[in-house]
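Participant: Given the structure of chain Y, go ahead and fit chain L onto it with the hints provided.
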Amino acid sequence: MKKSGVFCSVLLTAVTAMAILVFCAEAGSQTSAANKKSETASGNVEKGKELYTSYGCYECHGRQAQGSRTSGPRLSPNPIPLSAFSTYVREPRGQMPPYTNKVVSDADLADLYAFLKSIPQPPSVKDIPLLQ
Amino acid sequence: MGRSKKESVNRRDFLRGSAAGVAALAAAVTPVGAQDSGKRAAGTPPPMSKQAETGDPVAEVLTTDRPGADFMVDVIKSLGIEYVGANPGSSYRGLHESVINYGGNKNPEFITCCHEESAVGMAHGYSKIEGKPMGVFLHGTVGLQHASMAIYNAFCDRVPIYMTMGNMVDATLRRPGPEWDHSVQDAAELVRDFVKWDDLPASLPHYAESAVRAYKIAMTPPLEPVLLVVDSELQEKGIAENTNLRVPRLTLAMPPQGDAGSVAEAARLLVAAENPVILADRAARTPAGVTLLIELAEILQAPVIDQGGRMNFPSRHPLNQSAQVTSLIAGADVILGLEVGDFWGTVNSFREQLVRSSEPLANPNAKLVSITANDLYLKSNYQDFQRYTEVDLAMAADAEATLPSLIEAVKRGITGDRKRVFEQRGKEFAEARRNALEQARHEATYAWDASPISTARICAETWGQIKDKDWSLVTETVPWISNWPLRLWSFDKHYQFIGGAGGHGIGYAAPAALGAALANRKHGRLTVAIQCDGDLMYAPGILWTSAHHRIPLLSIMHNNRGWHQELMHVQRMADRHNRGITRATIGTTITGPEIDYAKLAQSMGVHAEGPITNPNDLGPAIRRAIEVVEKGEPALVDVVTQPR
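Chains as they are written, first to last, in my numbering: chain Y, 989 to 1120; chain L, 736 to 1379.
These are calculated hints, taken from the structure and not from any lab test. Everything numeric in this text was worked out from a predicted model, so none of it was measured. There may be inaccurate statements among the hints.
Claimed, not checked - Computed cross-link-like contacts, DSSO-like style, restricted to lysine-lysine with a CA-CA straight-line distance of at most 30 Å:
(1) L:K951 - L:K1257
(2) L:K867 - L:K951
(3) Y:K1105 - Y:K1037
(4) Y:K1114 - L:K1162
(5) L:K951 - L:K1114
(6) L:K1228 - L:K1162
(7) L:K1202 - L:K1334
(8) L:K1202 - Y:K1114
(9) L:K951 - Y:K1114
(10) Y:K1114 - L:K1154
(11) L:K951 - L:K1228
(12) Y:K1090 - Y:K1114
Stated by the list, open to error - Derived Cβ-Cβ restraints for the label pairs, each shown as a range:
(13) Y:E1034 - L:E1158: 53 to 61 Å
(14) Y:S1071 - L:S1062: 26 to 34 Å
(15) Y:E1034 - L:S1338: 34 to 42 Å
(16) L:P1139 - Y:R1081: 41 to 49 Å
(17) Y:P1117 - L:K1228: 19 to 27 Å
(18) Y:S1042 - L:E1166: 41 to 49 Å
To be verified - Chain Y is nowhere near these chain L residues, computed Cβ spacing over 12 Å in every case:
(19) P911
(20) R927
(21) P1214
Ideal placement from N, C-alpha and C gives every residue a C-beta, glycine not left out.
Just chain Y, with the same shape it has in the complex (with noise of 0.2 Å):
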């Protein structure tokens, strides 16, 4: 018999932060193309997935990366700019806790992104009759 709710009490900060990071991809959706060649180059699709899930960042943001309003916002399709994402997991300023290059090196974050800008966009509302 137990037990918390603990991320309820945190739900507006994390609302905001989804706030934050859904406009940040969508502004990254209008700049990325631009750098995409040189924002995936170095980053590994397959491997990224692997490391999304054992790294546990499916937990918050869901297995597709399309968030939570009650656990952490949408990355993808379309993710913020590879630098700002990077910014953002080392100094994340939500409720996100921070991820140092001890636990999650910078080739890893590439591979993350890879994973992230392999995500295909998802149908259109007018196209989902059950959303009308």
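Facilitator: Relative to the frame of chain Y, chain L by itself:
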């Protein structure tokens, strides 16, 4: 009912299997002191009687046509209690038998539960639908211990539950062995910190008064659980012929209302405010609360943030701005909190990351007004009362009961100029609400075709099939399923949403959903639960109860194969401590083996399908399950899901 004397056996002799007759046993009794014919030295205690020395039993008639428990059932019936949930226990065997035989097992009907936590959890859900308590019978010591977490949840959630516990008070009447283990000096002490009132009646008239008093206390805001400890002997012993027994009349106390001066001041602040915000948590105790809150919001054209403790405000109402909480709080000049459980946490941020920090979200000049019955009732030990909030006006009163006078005061204060301001404000919120719905639909598309299946997809598929029915969602939506139902569905009736556990004790959701379904049954509503796997595994016997009592409930499993909240906590610790972040699943996931919830449910007589991993299979499975539920049976669809 008349009372007849019958021959019987002493309790101890009954256990030894020696059915001696009353007359024979009585002949063996020798009055104390009868053998003390000699003189004693001063200060020497009198010698023991032969009976005392030998322990020869005294005959005691136990059979009766009119046990005390029958009268207890009369009292319980007078309170209108429809059901008692219970797992059988000998300390209340007298009451059990009286309910099913003397009471005809109707009003109350005995609901067989496989765990006391389930019984209390059912009562918790029932009460939030029906607006009155369900009964629970609890076995001495161990039964109450099993029930304690669920009682705490109800306490935190301000829900009345009417509990009766058996206890053999007289040690000389206890059967050797287990009955001693199940007896206790102060039975209620275990849960006294989180029940509103308890008593141990010493007689049947005392029971009658305490039973009615307990109901009244439970139903006076803040509503809370109550516990009567009922002596086993009082239950089982025959009622003396000339005992004057009557059932006291129940008169519920009127809910406390805010005083006129404070109400007028609150109205003045609200009318004058440029950016008022209404927070509603456990505000709507009854359907009338929803109606009143709509009226208050509409006359002010003020946004409402429904914090989800109850169904307070229609989800698609133009003034429902729950999605805009942060910006609204930041911009508000008056914030009215109605039965808000955590006001401080609403107007402040709290960050626990590299450092622990917090900062105000609200404007420092904003006026905070609180109306809550919580200010009338606080206990020390358990800390569910949250941080102290510095408000400008605090009404220690029931919010729903205060709303009528507040509405009238607001109406009196509105001038033509203010009305025009309000109308313009309302137009902006209407557009914001439309945008929020579109945003929710857009966000739902992400991972739409994913496997494991997204929680958005589950909620959209479910909504597609229930939206034209008379439905009731009886599970919490934050944080487990990302609040999708309240974002995508249209809630406008009080019974369509009942909030959460209160104390965040896992193991609440499954029994509470069934209790809510039990309450909904007579109204013909389609009860829907989106059931977390970790919660169900606390006491999965609730599935059997659903089948046994034919309680129609559609359970859609949110099977993310873990206690995901705790997984994220451990991940956070692993990250913070820089010792690697790949092992947080140890102790937090439910894999290896994966549980087959469909088979689990089927084994207990519940229609079930799954595990479903293809999102395209989900809609048809839900449709088939609804067909079963609409025939009056429970059904379960196991869906392997995304974490949140």
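Participant: Now tell me, hint by hint, if it's right for this structure.
Facilitator: Hint check results:
Taking the CA atoms of K951 of chain L and K1257 of chain L, the gap is about 25 Å. The hint holds against a cut of 30 Å. The suggested pairing of K867 of chain L with K951 of chain L holds, with an alpha-carbon distance near 11 Å, which does not exceed 30 Å. Between K1105 of chain Y and K1037 of chain Y the alpha-carbon distance is near 11 Å, which keeps this suggested pair within the 30 Å criterion. At roughly 26 Å between alpha-carbon atoms, K1114 of chain Y and K1162 of chain L fall within 30 Å of each other, so this suggested pair holds.
For the proposed pair K951 of chain L and K1114 of chain L, the alpha carbon gap of about 19 Å is at most 30 Å, so the pair holds. A threshold of 30 Å between alpha carbons decides the hint, and for K1228 of chain L with K1162 of chain L the separation of about 24 Å falls inside it, so the pair holds. Proximity of K1202 of chain L to K1334 of chain L is assessed by CA-CA distance (about 29 Å); at most 30 Å being required, the pair is judged to hold. For the hint linking K1202 of chain L to K1114 of chain Y, the alpha-carbon distance of about 19 Å falls within 30 Å, and the restraint holds.
For the suggested pair K951 of chain L and K1114 of chain Y, the alpha carbons sit about 54 Å apart, so the restraint of at most 30 Å is broken. With a CA separation close to 38 Å, the supplied pair K1114 of chain Y and K1154 of chain L exceeds the 30 Å bound. Of the pairs offered as hints, the one joining K951 of chain L and K1228 of chain L holds, with about 27 Å between alpha carbons and a cut-off of 30 Å not exceeded. At roughly 45 Å between alpha-carbon atoms, K1090 of chain Y and K1114 of chain Y are farther apart than 30 Å, so this suggested pair is violated.
Checked against the hint of 53 to 61 Å, the pair E1034 of chain Y and E1158 of chain L passes, with Cβ atoms roughly 58 Å apart. Between S1071 of chain Y and S1062 of chain L the beta carbons are some 28 Å apart, a value that agrees with the proposed interval 26 to 34 Å. A hinted range of 34 to 42 Å for the beta carbons of E1034 of chain Y and S1338 of chain L is consistent with their spacing of about 40 Å. Our hint of 41 to 49 Å for P1139 of chain L and R1081 of chain Y holds, since their Cβ atoms are close to 44 Å apart.
In this structure, P1117 of chain Y and K1228 of chain L meet the distance hint of 19 to 27 Å, their C-beta atoms being roughly 25 Å apart. Roughly 44 Å separates the CB atoms of S1042 of chain Y and E1166 of chain L, a value that falls within the hinted 41 to 49 Å. The claim that P911 of chain L lies off the interface holds: its Cβ sits roughly 31 Å from the closest Cβ of chain Y, which is beyond the 12 Å cut-off. For R927 of chain L, the shortest C-beta to C-beta distance to chain Y comes to about 18 Å, beyond the 12 Å cut-off, and the non-interface label holds.
Its closest Cβ contact with chain Y, about 3 Å, brings P1214 of chain L to no more than 12 Å, contrary to its assignment away from the interface.
Violation of the numbered hints given earlier is confined to hints 9, 10, 12, 21; the remaining hints are satisfied by the structure.
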